[in-house]
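Colleague: Take a look at the letters that make up each chain.
There are 2 protein chains.
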Amino acid sequence: MEDKLRVTVVGAGNLGTHLGLKLHAQGFPIEQVFSRKRAKAKSLADRCAAKSVTALKDISSNADLYLVAVPDDALPAIASELTLKEKVVAHTSGAAPSDALAEVSPFCGVLYPMQSFTRTAESPSEFVVAVNSEIETVTKILTKVATALSDNVLHLNDEQRLTMHVAAVLVNNFPNHLYAIAEGLLNEAEMSFDIMKPLLQETTRKALSESPILTQTGPAKRSDFKTIQAHLDLIKNKPALEDIYMAITESIIESEKKRS
Amino acid sequence: MEDKLRVTVVGAGNLGTHLGLKLHAQGFPIEQVFSRKRAKAKSLADRCAAKSVTALKDISSNADLYLVAVPDDALPAIASELTLKEKVVAHTSGAAPSDALAEVSPFCGVLYPMQSFTRTAESPSEFVVAVNSEIETVTKILTKVATALSDNVLHLNDEQRLTMHVAAVLVNNFPNHLYAIAEGLLNEAEMSFDIMKPLLQETTRKALSESPILTQTGPAKRSDFKTIQAHLDLIKNKPALEDIYMAITESIIESEKKRS
Numbered sequence: 001m002e003d004k005l006r007v008t009v010v011g012a013g014n015l016g017t018h019l020g021l022k023l024h025a026q027g028f029p030i031e032q033v034f035s036r037k038r039a040k041a042k043s044l045a046d047r048c049a050a051k052s053v054t055a056l057k058d059i060s061s062n063a064d065l066y067l068v069a070v071p072d073d074a075l076p077a078i079a080s081e082l083t084l085k086e087k088v089v090a091h092t093s094g095a096a097p098s099d100a101l102a103e104v105s106p107f108c109g110v111l112y113p114m115q116s117f118t119r120t121a122e123s124p125s126e127f128v129v130a131v132n133s134e135i136e137t138v139t140k141i142l143t144k145v146a147t148a149l150s151d152n153v154l155h156l157n158d159e160q161r162l163t164m165h166v167a168a169v170l171v172n173n174f175p176n177h178l179y180a181i182a183e184g185l186l187n188e189a190e191m192s193f194d195i196m197k198p199l200l201q202e203t204t205r206k207a208l209s210e211s212p213i214l215t216q217t218g219p220a221k222r223s224d225f226k227t228i229q230a231h232l233d234l235i236k237n238k239p240a241l242e243d244i245y246m247a248i249t250e251s252i253i254e255s256e257k258k259r260s
Numbered sequence: 001m002e003d004k005l006r007v008t009v010v011g012a013g014n015l016g017t018h019l020g021l022k023l024h025a026q027g028f029p030i031e032q033v034f035s036r037k038r039a040k041a042k043s044l045a046d047r048c049a050a051k052s053v054t055a056l057k058d059i060s061s062n063a064d065l066y067l068v069a070v071p072d073d074a075l076p077a078i079a080s081e082l083t084l085k086e087k088v089v090a091h092t093s094g095a096a097p098s099d100a101l102a103e104v105s106p107f108c109g110v111l112y113p114m115q116s117f118t119r120t121a122e123s124p125s126e127f128v129v130a131v132n133s134e135i136e137t138v139t140k141i142l143t144k145v146a147t148a149l150s151d152n153v154l155h156l157n158d159e160q161r162l163t164m165h166v167a168a169v170l171v172n173n174f175p176n177h178l179y180a181i182a183e184g185l186l187n188e189a190e191m192s193f194d195i196m197k198p199l200l201q202e203t204t205r206k207a208l209s210e211s212p213i214l215t216q217t218g219p220a221k222r223s224d225f226k227t228i229q230a231h232l233d234l235i236k237n238k239p240a241l242e243d244i245y246m247a248i249t250e251s252i253i254e255s256e257k258k259r260s
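Those protein sequences? They're chains A and B, same order as listed.
Under our numbering, the first residue of the first sequence carries the number 1, and numbering increases by one thereafter.
Under our numbering, the first residue of the second sequence carries the number 1, and numbering increases by one thereafter.
Next up, chain A with everything else stripped away, as it sits in the complex (with noise of 0.2 Å):
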């Protein structure tokens, strides 16, 4: 069973459609594709030699490992709604308890790719896969097929997987809002984004090559009240960016007093 290990893909999301295909490159049979969206179901299913279902009644026990890439707010409607008795299950999100997935099949558990994956762009070639299962078997499985993923195949609890879930917002979802409010302060004042890109990419080279911790430069680090008073007279009429400005601000002055 090992060396074919068939695979349903639930969910035709950007993760799906990235795990279905890429599995499918890896030479997995994918045995069907479910979207309640028929035409997401058909197109993912076209592109890796699958079935289409738009129904979970009609998801089959023909697979091995049933792999759920839905939004996490989706899961107990799966959970209560899926009965796959002896099967291997498992969900992908970085939040939910190994476990969410007991009610579909006691052989369940979490491989959770951690990285943003897109319509638009192509798929990113590198990212961690972090499994886990109390099953030891189910984790064996998991394992093989991230493996056939990734590289960096982690095997984390579920606190450390829900904690590298809160790393993963503080390292792309929050920092991409704070680009996004610095694109539109820009544009107001009628500059443009791209004017950003040499720090950014600099502030990236050096996160990547030295410990974060380490690097904090600016007027909060240096407790520079007066820059700090300026930028908040500049954006006194945006309260959204002032609770965030505010916010980080006190936190590095912390951070900064703890330090030394």
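Quick caveat, the hints were computed from the structure, so don't treat them as lab data.
Watch out, some of these pointers could steer you wrong.
Each computed DSS-like pair below joins lysine-lysine, with the alpha-carbon atoms no more than 27 Å apart [as the list claims (entries may be wrong)]:
1) A:221 / B:37
2) B:236 / A:258
3) B:37 / B:85
4) A:257 / B:238
5) B:22 / B:42
6) B:197 / B:238
7) B:87 / B:140
8) B:40 / A:221
9) B:197 / A:221
10) A:140 / B:197
11) A:221 / B:236
12) A:22 / A:4
13) B:221 / B:258
14) B:51 / B:40
15) A:257 / B:37
16) B:226 / A:40
Looking from chain B toward chain A, a few residues come up when the C-beta cut is under 10 Å (computed) [unchecked claim]:
17) 116
18) 172
19) 178
20) 183
21) 189
22) 208
We put the beta carbon where it would ideally sit given N, CA and C, even for glycine.
Start from chain A and add chain B according to the hints.
Modeller: Same frame as chain A, now just chain B:
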């Protein structure tokens, strides 16, 4: 005069060092290097064939341009202690008004290189320089010098430059602090910041190629309150991080409402 503009560098920190060395390499004679710390003044002066001075009163009137690269809160002391009538003087601050050194000389302005210069790393080769003065001849001289430093010279008024400075905080200082928090959380849970690097690279690649306003992802963008709550539960003993998490999450939710 234009071909052999003699420059005195006031301040021998990271930025002063970078500017002195780069202008020296570009053929600008460096007249003096000032730092209150003798070793720093001498070290930089030696590297750019200049004389070193450690008292403001010893700054000679032999140069054509005085570049003042000191922290913002040191500018008032320079303004009140240094007099260089008829000479061009420019500070290098992102936040201070272009006439902050008007007491030093009426021919005053600003030359602000937006980049993160550090002692440890090689100086980044690419950066934007913002130039401004109320006096046209000063603007011309500063533009000439800025063009020797960078291909990317902008003429920005004080409010635009302050906006760019806030944007720099949003693109550099604040994301770096978020990375530092992530590093701390991961270390506490016995993981390394290294596991975040593929995601960090992808986040940056995307911000460099697409508008960050259009590429937001994550639980806040999806209004996935269950995941947000799981994150808040994990960090509940870290009030500074909780404040940051809530402020950015609320701002993302608000931005999404405005967009839809």
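Colleague: Take the hints in turn and mark each one as holding or not.
Modeller: Taking the hints in turn, this is what the structure says about them:
1. Between residue 221 of chain A and residue 37 of chain B, the direct Cα distance comes to roughly 22 Å. Compliance with the 27 Å bound is thereby established for this hinted pair.
2. Annotation: proposed proximity of residue 236 of chain B to residue 258 of chain A holds, straight-line Cα distance about 19 Å (limit 27 Å).
3. This hinted pair checks out: residue 37 of chain B and residue 85 of chain B have alpha carbons roughly 26 Å apart, not beyond 27 Å.
4. Pair hint residue 257 of chain A plus residue 238 of chain B holds up; C-alpha atoms about 16 Å apart against a cutoff of 27 Å.
5. Simply put, residue 22 of chain B and residue 42 of chain B have alpha-carbon atoms about 17 Å apart, close enough for the 27 Å limit, and the pair holds.
6. Between residue 197 of chain B and residue 238 of chain B, the direct Cα distance comes to roughly 24 Å. Compliance with the 27 Å bound is thereby established for this hinted pair.
7. Using a Cα cut-off of 27 Å, the hinted pair residue 87 of chain B and residue 140 of chain B holds, with the two alpha carbons roughly 14 Å apart.
8. Distance hint between residue 40 of chain B and residue 221 of chain A is fulfilled; the C-alpha atoms sit about 22 Å from each other, no more than 27 Å.
9. For the hint linking residue 197 of chain B to residue 221 of chain A, the alpha-carbon distance of about 24 Å falls within 27 Å, and the restraint holds.
10. Using a Cα cut-off of 27 Å, the hinted pair residue 140 of chain A and residue 197 of chain B holds, with the two alpha carbons roughly 26 Å apart.
11. As the CA atoms of residue 221 of chain A and residue 236 of chain B are separated by approximately 24 Å, the hinted pair is consistent with the 27 Å bound.
12. Restraint check for residue 22 of chain A and residue 4 of chain A: the C-alpha separation of about 15 Å stays at or below 27 Å, so the hint holds.
13. This hinted pair checks out: residue 221 of chain B and residue 258 of chain B have alpha carbons roughly 12 Å apart, not beyond 27 Å.
14. Restraint check for residue 51 of chain B and residue 40 of chain B: the C-alpha separation of about 12 Å stays at or below 27 Å, so the hint holds.
15. Restraint check: the Cα-Cα separation between residue 257 of chain A and residue 37 of chain B comes to about 25 Å, which is no more than 27 Å; the hinted pair holds.
16. For the hint pairing residue 226 of chain B with residue 40 of chain A, the CA-to-CA distance comes to about 26 Å; that is within 27 Å, so the pair holds.
17. A least Cβ separation of about 5 Å between residue 116 of chain B and chain A falls short of the 10 Å threshold, and the interface hint therefore holds.
18. Here the hint on residue 172 of chain B is kept, as its CB sits about 5 Å from the closest CB of chain A, short of 10 Å.
19. Annotation: residue 178 of chain B was flagged as interfacial toward chain A, and the flag holds, the nearest CB pair being 4 Å apart, inside 10 Å.
20. A hinted interface residue such as residue 183 of chain B counts as satisfied when its beta carbon comes closer than 10 Å to some beta carbon of chain A; here the least separation is about 5 Å, so the hint holds.
21. With a cut of 10 Å, the hint placing residue 189 of chain B at the interface with chain A holds, because the nearest CB-to-CB distance is about 4 Å.
22. For residue 208 of chain B, the shortest C-beta to C-beta distance to chain A is roughly 6 Å, which falls under 10 Å, so the interface hint holds.
Checked against the numbered hints given earlier, this structure breaks none of them.
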